[in-house]
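Got chain A; can you put chain B on it based on the hints?
Chain residues, written in single-letter form:
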Amino acid sequence: MSVRPAGDFKTSYVQDMAILDTRFYRIGFAVLVAGLVLAPLWAGRYIFLLNTIGIYAVGACGLALLTGFTGQISLGHAAFMAIGAYSSAFLSQALRLPFVVALPVASFITFLFGIVVGLPSLRIKGLYLAIATLAFQFLTEYALIHATGGIGATTVPPVSVGGWTVRTDRQFYYVVLVFWVAAGVFAANLVRSRIGLAFMAVRDRDYAAQVLGIHLLYYKALAFGIAAFYAGVAGSLWAHYNRLITTEQFNVGASIDYVAMIVIGGLTSAWGPHLGSAFVWILSQGLRIIAPAVLAVFPAFGKIATPLREIVFGVTLIALLIWEPGGLAMLLRKLKRKLDLWPFAY
Amino acid sequence: MHPVCNALPASDYHAVKEFILSGLVNGLAVGSIYALIALGFALLYKSTKILNLAHGELVLFGGYLAIALTQFVPFALAVVLTLLAAALLGFTVERVIMRPLFGQPLLSVIIVTLALGYVVRGLMVGIWGGSTRNFPAALPGGILRVAGIPIQSVGVYSAATAACLLLVFWLFFRYSLVGIAMRAAANEQLTASTLGVSLRRVFAYAWAFASMAGAVGGILLGLWLGVNFALGFVGLKALAAVILGGLDSIPGAILGGFTIGIIETIAGGYIDANIIYGFKDITAFVVILLVLLVRPYGLFGTEHVERL
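Chains A and B, in that order, are what the protein sequence lines are. Numbering (the numbering used here) for the first sequence: 63 to 408. Numbering (the numbering used here) for the second sequence: 362 to 669.
Derived from the structure by calculation, the hints contain no laboratory data. Note that the coordinates shown come from a computational prediction; the quantities given were computed from them, not determined experimentally. Here a beta-carbon is modelled for each residue, glycine too, at the ideal position from N, C-alpha and C. Mixed in with the good hints, there may be bad ones.
Said to hold, decoys possible - Restraint ranges, calculated between C-beta atoms of paired labels, are given here:
| no. | chain 1 | residue 1 | chain 2 | residue 2 | range |
| --- | --- | --- | --- | --- | --- |
| 1 | B | Phe463 | A | Leu345 | 26 to 34 Å |
| 2 | B | Arg494 | A | Arg399 | 48 to 56 Å |
| 3 | A | Leu345 | B | Ala591 | 23 to 31 Å |
| 4 | A | Gly97 | B | Phe463 | 50 to 58 Å |
| 5 | B | Ile488 | A | Phe110 | 31 to 39 Å |
| 6 | B | Arg460 | A | Trp104 | 43 to 51 Å |
| 7 | B | Gly490 | A | Arg254 | 37 to 45 Å |
| 8 | B | Arg561 | A | Thr230 | 54 to 62 Å |
With the rest of the complex left out, here is chain A (with noise of 0.2 Å):
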């Protein structure tokens, strides 16, 4: 559904490629772009939340393809980004290997675990895929526990790109920032080309799909390798950005969040994944903030305050989902097409 206003024909297939099809959007994307490229001077103290945001929003991505375009259900997806932080902190760790090595590499390792995961996936379908992806998370983070002892926790060296050692939130923000706008921008092309085009084709009817020649097997399982690479990046800025990992950090919680953040932020759209992380985490560190606030109004309040945020977070998915079951994503182009015919209906 792509709005456009009258007068504005495409005349080339280059402007019918176009991701940024109108001035309203290539405008808003140069803002958007330079508003986030000067984050350390607005953010402030809260630039440790854009840090999150930009690294679960890679994460989101990957899931992003795989479930909103693959159509393929994924309760698990935390478990690869925990395969991705704790590959690179043993590479960075153990074997000393500078960042922009550890990165790739841990996430190339995350990438064939996902084609190992995805290889089931032709067999096992919808609900069962889910709750066979809800089965490997609960049994990574059990693996992963026992092969490091304890919680789990390691620590991980500091960034360091040709001697220049990343030490603060901000100078790691710009870091995240690369691989999130890079991450962004791979995942809004990829669904253009022939192989979003066949993941799509894989969601809509995966053997209609195959009698037009998709081979299911090779695409599904890429599905799963594409996204477990991205959450590969993402553990791994995770593990270098913390500097001390637990398999707290990517226990079966996260992994709901993962889901709710694609399904918060809109499931089939460029931006959603990007929406539902910055969603997911403003609300909960806005949570964070003004339950004290509360609670210092209402001290009765006072039990409630622990988990509030899974109760908030809970109410606010199933609202969300009843009301509009497109996402946020789909709720700013409403408002836009409101805006623009105001103050006329159609």
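Same frame as chain A, now just chain B:
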């Protein structure tokens, strides 16, 4: 999770026999409760095609509410009140959340049940806190011997209750009008609908019954092990039971519950004590993966033939 298996000296025939027998008895006991919880799970899936990932939270709800109520009223009354509350919760969830989502894609429904789980669990934590709570001694304590195997008597009573309830459920579906309507709707929604079965009512009843089965399971497990948040994971064990038995098969769910109970106690307990620690709690997932890889529709589930 439950007090069963000690490390076993290898190559000692009697010890092995004892271990397996004890595992069988205890596994059957805990399995009967799993079976009851899994029954609710399968029932809901069969009639509404919704995989309720908040089932563990419904179990929690039953356990916590019953404990809270026993502080004010006698145990029996507390159980009855809990069941009523669980039924009410089921009706509410169906009416407020699930009905508007009817016909939405699978992912939305899965997410909504997960979100529902968050809300229920969050409210439980908020109201009752995170520590383990125990029921007042409503049933006689001590150790009973079944076939020469010691087992906590609470376990025996819980298992007996679960078995009775399974029978009640079976009779209900066999003979009562509502039960027959539900089976009809589960069998073929459209046909049942044209014959005058109200699908809305069937869905509402399915949610209420699933919620009640979960709550009873919570109370029974709570009597045995105490109530804390680990109880929520029972939902996942029930999931394993249902996958094993076939998602849309109620006898399968019951058999699956018993099987998971036994596998968990014997295999899980053995590996736990002798090979790697903590294996017991993930036995269920290993079973899920194996079943899905070998026979995705489970032992008794209907095999779905896909046509273009």
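These are the hints, each one checked on the structure:
1. As the Cβ distance of B/Phe463 to A/Leu345 is approximately 27 Å, the hint placing it in 26 to 34 Å holds.
2. A hinted range of 48 to 56 Å for the beta carbons of B/Arg494 and A/Arg399 is consistent with their spacing of about 53 Å.
3. At roughly 27 Å, the beta-carbon separation of A/Leu345 and B/Ala591 lies within the given 23 to 31 Å, and the hint holds.
4. For the hinted restraint 50 to 58 Å between A/Gly97 and B/Phe463, the CB-CB distance of approximately 41 Å leaves it violated.
5. Our hint of 31 to 39 Å for B/Ile488 and A/Phe110 holds, since their Cβ atoms are close to 32 Å apart.
6. Distance hint check for B/Arg460 and A/Trp104: the Cβ-Cβ separation is about 44 Å, which falls inside the suggested range of 43 to 51 Å.
7. For the pair B/Gly490 and A/Arg254, the beta carbons lie near 52 Å from each other, so the given range of 37 to 45 Å is not met.
8. Take B/Arg561 and A/Thr230: their Cβ atoms lie about 58 Å apart, and the range 54 to 62 Å holds.
Taken one by one, the earlier hints fail for this structure at numbers 4 and 7, listed in ascending order.
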